[in-house]
Amino acid sequence: MFKDLDPILHSQLRLAVMSLLIGVKEAEFTYIKEKTGATAGNLSVQVQKLKDVGYIDVTKQFKDNYPQTLCRVTSAGIKAFEVYVQALQEYIKK
Amino acid sequence: MENNFSPQQSLDLIQEMISKTKANLGENSIYFLLWGWVTFLAIIGQFFLKVVLGNEHHYLVWLLTIPTAIITIIYSARRHNKHKVKTYIGESMSYLWTGIGISFFILSMIISNSSGGWANAWPFFILMYGLGTFVSGMILKFRPLVIGGVISWVLSLVSVFVAFDYQLLLAAAAILSSYIIPGHLLRSNNK
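Protein chains in written order, with full-length UniProt numbering: chain F, 1 to 94; chain A, 1 to 191.
Careful, some of the hints might be misleading.
[Unchecked claim] In silico BS3-like pairs for lysine-lysine, Cα to Cα no more than 30 Å straight-line:
1) LYS22/A x LYS51/F
2) LYS51/F x LYS82/A
3) LYS25/F x LYS82/A
4) LYS35/F x LYS141/A
[What the hints assert, rightly or not] If you anchor each label on the Cβ, the simulated ranges turn out as follows:
5) GLY37/F x VAL150/A: 41 to 49 Å
6) PRO67/F x ILE30/A: 28 to 36 Å
7) GLN86/F x ARG143/A: 30 to 38 Å
8) ASN42/F x VAL150/A: 44 to 52 Å
9) VAL45/F x LEU64/A: 49 to 57 Å
10) GLY117/A x ILE78/F: 47 to 55 Å
11) TYR88/A x GLN89/F: 19 to 27 Å
12) PHE124/A x ILE78/F: 40 to 48 Å
[Claimed, not checked] Sample of chain A residues facing chain F (criterion: CB under 7 Å; computed from the structure):
13) PRO7
14) SER10
15) LEU11
16) LEU13
17) ILE14
18) MET17
19) ILE18
20) LYS20
21) THR21
Keep in mind that the hints were calculated from the coordinates and are not lab data.
Virtual Cβ for every residue (Gly too), placed ideally from N, Cα, C.
From just these sequences and the hints, can you work out the full model?
And the structure:
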């Protein structure tokens, strides 16, 4: 039914992650986990998918001896998000 | 299964997530209140020592700003470490006030070494209060700060025409309208 919608974005958790990242410069994995209420396992799978298509950048580093995963949206991600939202608006108008 | 949600549900989800990342305005109030009250007390203290008591070391009240600067640096570094997200608004505010802080320091050096000395300092200081507050108000989209900034600019201009002792009172008024009042409003806005 919604075949024109980007299948990567038309998935609740991936869309939630993209919507969180779209308004900020970067966010920690734990922040995204907290705001979306997802489990760590499911979230890492979805984050990896977004990374594989180039919609987000993921940086792993250490902060105070703890591993830290930082995510930020890429320009390709912003473009895809805009196209997706426009497509949604088209569907709603119909 | 999860791909069957409707376009309307998608838009609702996007909206919900975006609203979760909205900047917490009240978080910024601590700096306005800390610096507002410290500066206000210093100015009133200086006025009292100089005009009422005739003490010639009236400028020593400004040593208060040193511990305040240290507290600000430690507190903001801690908060920075605790934050799990970097927003453009947060970064803009921190760059703005770091720049203003450095400018204040350099301005003090320039004034100490200029022929007019401290007699000409206040119009410039009030001008800087106005700049920082106005831009902050625009970044945070918080009108009381914008108004406070404009009031400071007007007071800066007025202060050129009055004697040093009265410049102090104008500076106190500038601090009240650009830091203290908007700072308290920002804080109550958060509750």
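Results for each hint:
no.: 1; hint: LYS22/A x LYS51/F; result: 24 Å, holds
no.: 2; hint: LYS51/F x LYS82/A; result: 25 Å, holds
no.: 3; hint: LYS25/F x LYS82/A; result: 16 Å, holds
no.: 4; hint: LYS35/F x LYS141/A; result: 24 Å, holds
no.: 5; hint: GLY37/F x VAL150/A: 41 to 49 Å; result: 43 Å, holds
no.: 6; hint: PRO67/F x ILE30/A: 28 to 36 Å; result: 30 Å, holds
no.: 7; hint: GLN86/F x ARG143/A: 30 to 38 Å; result: 33 Å, holds
no.: 8; hint: ASN42/F x VAL150/A: 44 to 52 Å; result: 50 Å, holds
no.: 9; hint: VAL45/F x LEU64/A: 49 to 57 Å; result: 54 Å, holds
no.: 10; hint: GLY117/A x ILE78/F: 47 to 55 Å; result: 53 Å, holds
no.: 11; hint: TYR88/A x GLN89/F: 19 to 27 Å; result: 25 Å, holds
no.: 12; hint: PHE124/A x ILE78/F: 40 to 48 Å; result: 41 Å, holds
no.: 13; hint: PRO7; result: 4 Å, holds
no.: 14; hint: SER10; result: 5 Å, holds
no.: 15; hint: LEU11; result: 6 Å, holds
no.: 16; hint: LEU13; result: 6 Å, holds
no.: 17; hint: ILE14; result: 4 Å, holds
no.: 18; hint: MET17; result: 3 Å, holds
no.: 19; hint: ILE18; result: 5 Å, holds
no.: 20; hint: LYS20; result: 5 Å, holds
no.: 21; hint: THR21; result: 5 Å, holds
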